[in-house]
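Trainee: For reference, the chains in residue letters:
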Amino acid sequence: MEELFHVKHPDFIDVIVIGAGHAGCEAAWAAANRGATVRLITQNLDTIAKMSCNPAIGGIGKGHLVHEVDALGGLMGVAADQSALQYRVLNRRKGPAVRATRTQCDRRLYHIYMRSMLDGHPRIHLHQGSVSELMFDGDRVVGVVDELGVKHECSSVVLTTGTFLGGVIHVGDRSMPAGRAGDAPVMGLTDELYRRELKVGRLKTGTPPRLDKKTIAWDQLPMQPGETDVQPFSLMHDHVKQEQIPCAITRTTERTHEIILENLSRSPMYSGKIEGVGPRYCPSIEDKVVRFADKSSHQIFLEPEGGDHNEVYPNGISTSLPIDVQWAFVRSIPGLEKVNLIRPGYAVEYDYISPQELTSSLETKKIKALFHAGQINGTTGYEEAAAQGLIAGINAASAALELPHWVPDRSQAYMGVMIDDLVTKGVTEPYRMFTSRAEFRLQLREDNADLRLGNHAIELGLYSELRRQRFEARRDRVGEVFASAGAMQIGTGAEWRSRLAELRLPVPTQSMLFSSYCHREDVNVDQAVGLLDGAGALNVRDLESIKALLHYSGYIDKQHQDVDRFKKMEAQIIPETIDYSRIAGISIECSQRLQSARPATLGQASRLSGVTPAALTGLMMHLRTLS
Amino acid sequence: MSNKAVPSGSTIAAIATPPGRGGVGIIRISGPDAISVISSLSTRKCNPEPRVATLDVWRDSNGQVLDQGIVLFFPGPASYTGEDVVELQGHGSTVLLHALLARLFELGCVPAQPGEFTRRAVENGKMDLSQAEAVVACIDAATVRACLQAQRQLQGAFGRHINELMVRLTSLVAHVEATLDFPEEEIPDLYFSDLRDKMLLQVVEPVRVMLASAPLGERLFHGATVAIIGAPNAGKSSLLNALSGRDRAIVSHIEGTTRDTLEVDFEVHGIPLRLVDTAGLRETDDLIEQEGVRRARETASNADVTLFVADATRPHTWDESVHADIFLMNKTDLQHGDVPEKYLQISVAAGIGLESLRTKLATYLGDMAMGDEGMMVTRERHRVILTEALEYIESGLLSLSDEEMLDVTAMQWRRAWALLGSILGIGDVDHILDRIFSEFCIGK
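Protein sequences appear in the order of chains W and L.
Just add 12 to wherever you are in the first sequence, counting from 1, and you've got the numbering used here.
Just add 1323 to wherever you are in the second sequence, counting from 1, and you've got the numbering used here.
These are computed hints drawn from the structure, not numbers from a lab.
Please note that a few of the clues may not be correct.
[As the list claims (entries may be wrong)] Ranges of calculated distance between the beta carbons of each label pair, as one might list FRET restraints:
#1 Gln1613/L / Leu525/W: 50 to 60 Å
#2 Glu239/W / Leu1534/L: 45 to 55 Å
#3 Arg1531/L / Ile568/W: 22 to 32 Å
#4 Pro234/W / Leu1534/L: 44 to 54 Å
#5 Pro625/W / Ser1516/L: 33 to 43 Å
#6 Glu159/W / Gly1448/L: 44 to 54 Å
#7 Ser1516/L / Val519/W: 28 to 38 Å
#8 Leu415/W / Gly1448/L: 36 to 46 Å
#9 Phe1515/L / Arg208/W: 48 to 58 Å
#10 Gly1448/L / Arg208/W: 27 to 37 Å
#11 Gly213/W / Gly1448/L: 20 to 30 Å
#12 Val1380/L / Pro625/W: 35 to 45 Å
[Stated by the list, open to error] When the alpha-carbon atoms are kept at most 30 Å apart in a straight line, the in silico DSSO-like pairs for lysine-lysine are as follows:
#13 Lys437/W / Lys570/W
#14 Lys579/W / Lys437/W
#15 Lys1665/L / Lys1683/L
#16 Lys211/W / Lys62/W
#17 Lys1449/L / Lys437/W
#18 Lys350/W / Lys307/W
#19 Lys1521/L / Lys307/W
#20 Lys559/W / Lys579/W
#21 Lys20/W / Lys377/W
#22 Lys285/W / Lys62/W
#23 Lys106/W / Lys1521/L
#24 Lys570/W / Lys1521/L
Computed from a prediction, not measured in an experiment: that's the story for all the values here.
Virtual Cβ for every residue (Gly too), placed ideally from N, Cα, C.
Chain W on its own, in the form it takes in the complex (with noise of 0.2 Å):
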């Protein structure tokens, strides 16, 4: 574009979001909340936070980081209780790390309350743009420019591309540029990163058709309620909606296999057509149907969309088939004979920026003040992408406002996990969460995700007045709590007696720690905890860490051993302008791997795979000699 017809935006702004996703969305909020004044630009005001793929928020990990999100002063959780159709504990009969809620929401609600938080917070401006230009000056970014030519400047800007980058739609032979059904891809804007040599690869996603719920048999179809004994995912939400939707079940045919494999070579992932690396543990029903050979059936969620709509997401079968494979493999599954498919599934293909370009803050490092948050980062899932974007949005204010930047650690959050691993480790395939991350999984719990990270949230300036009064008041009242726990003995007195009468608890033969009273298999801890100082006053969510901390006790304090060696290992920090080349006891090859990564710690090059125990040492003698 010619310099002639540019035109200044009248306001500097501190912080740019550029896209409205999860990640954006996020992003914005709590730039915004850490005290800069946000620009957020998106092509379409109307599809903020849209929901592309199923309409769920949570399960395993992801609910984990929903809960963080929220403990961070986030938007996610709160959206998601707001649209919620059903929820659900996954989970429930293992341990409490493990255990996550999932719901169902509205779409379209969904949007509409994300969309008026936003529009309510005073220092978030919205503005309808598509951005196609950044401003450079040097090695820093300080603006944007946008279709019109208007030149937007300002302090950082955090880019929530999703799969628009130089995306592309795959349905059977056809493709088409697309950065999701309906809306158009972004191109060029990255252009200036590639010039400056930001590593770019390719992944893809799938999404399977969507269904018109007034053509499916339900009554043949068994189904699975939604649960009311649940919490919330805020913390400014004590109960979740007691009238909920179900979900129904139901599973392919050997038929249905029969139509896939039939048509295998018209699928752009076997033709070869798609290069970009798909998801494991998300495969499509034709990747299904072929490496698992020797299952005859797979099973299928149809999961409503909203109340008042008519499109049913079949959770089980994203496909890239031709649409006429699609229509038959369909009506080959039971309930679903005479379906009729309002939207077609698709595979998309897009560009991400390797997140090993990025600081654990998440902005890039060879240019400054630009931040990364989501599938850009190679990552898929709304819950991953809100919480990166929450990260970034908190660094980009920090960086527009001169104050100090924060990112939890693996230690403190299921983030700090995937930031870590992505920056560390970078991506092969879109990254999602799993527990099995965690090293330190015990400690990170859906019951505790404000416990850990409240306080943080409160010197950030992430809280409400309200909020910070309803974390301080459970934070004060759980520790109270527990703390009495720790030193209280059961003893055998007739007083005791009779309390544990009382409770219907059984006596011990001699007086004993609570904790170990609590671990006998003939004490029912629901029960038990009801003798603690001051338990009357706890909430049914203060209960759930109480019990939690009480059952992994002598785990925990175990891991905090492992915790204190990983503090100290990433304590250990490793300047930029390290050469390892010139390090002792490192081989030619690790040397490499270590100079392409660039860890920040030591830590983080012990996590990176092909650096040796021996490598390590070496290099731990050598940050002692550097100290």
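Put chain L on the given structure of chain W with help from the hints.
Mentor: Just chain L, lined up with the frame of chain W:
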């Protein structure tokens, strides 16, 4: 010499043959500049052909010939260290070798630290940590059996067993993790009893077998001390001579001939032993002999095995109060009364029962038939790690029956996995997810 290792980008050189005079002396060079250094040293026009012995002449900075010998060139990565390696085989003169080495340092080589070549081999993935340990064990081995055992480890047998354990553990942990991370997927039913049985059979049992071999394995390399005690003139010194096959101790019929302890190295079934003869235990006024008796008792209390020797012809030497590991009744070829059952009957003079004694000694030191000797634990480091790993596995088995504690089980088993990895010097957690995705159909 400082203990600081040299940067890996450098080229190291050292004399590989032991100090002193010899027919051949070898200098080893490893690193990126190995070839260019050799070119400057020699008058050759072209590089030596890989893995072919080439006669060469080496000169100092003034062009004077220092030595002539064979050059061997092993281009990386197919070399011991994984880098370019050159060996110079010259004459075995200490002076010449040092002059050559000094010339190499002039040309840019740096002195290799002890173990540096092997260390580079590990860093470059040519061997795992257990193999590197085997290199040293192989060089230090005192018996053929120890040497063969070290070779097995060097060939990677032990490492493969550890690796196999890690693979099995990964598969079992992946099953637990899959049920935790993917509760709604159709993971094949996890029967805890199945999982427990698999863990016991595939991991716990082999680890126990390995640990049971540790006493023998460690003794193969560190040896053991065997003290011979008993009354004067019971035949202790004769036994020492007979077992070691050497005429080491002075033997006479006079009581108290041995007044100090006397040591001799020998081996039994390939286990290197230090046999210690001691003064006969008796009350005596002789100050020197008193000190000998005191030392005898001290030696016995520090020894790994104590052999008590009694004289069949003199029942008063059958000391019932003495503490010993193996009781021997000597001179049973002569007239004697009933010998208590705990005694092994031998006659050193007639050569009776010595083979039984050797077997008994070896068994006492942990000798056993192993199905696969590659599983033998020969180092304290390995034993300590395996013991700790086993504790974590067993703790995980305890919590396995409680569904609410499955995450704890997973944590304990992952710790065990990481410990096993530390034996080989490897460790990476992405293996569990890889395993989950390759085994189970995940993704609705």
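Trainee: Hint by hint, work out which the structure violates, then give me just those numbers in ascending order.
Mentor: none
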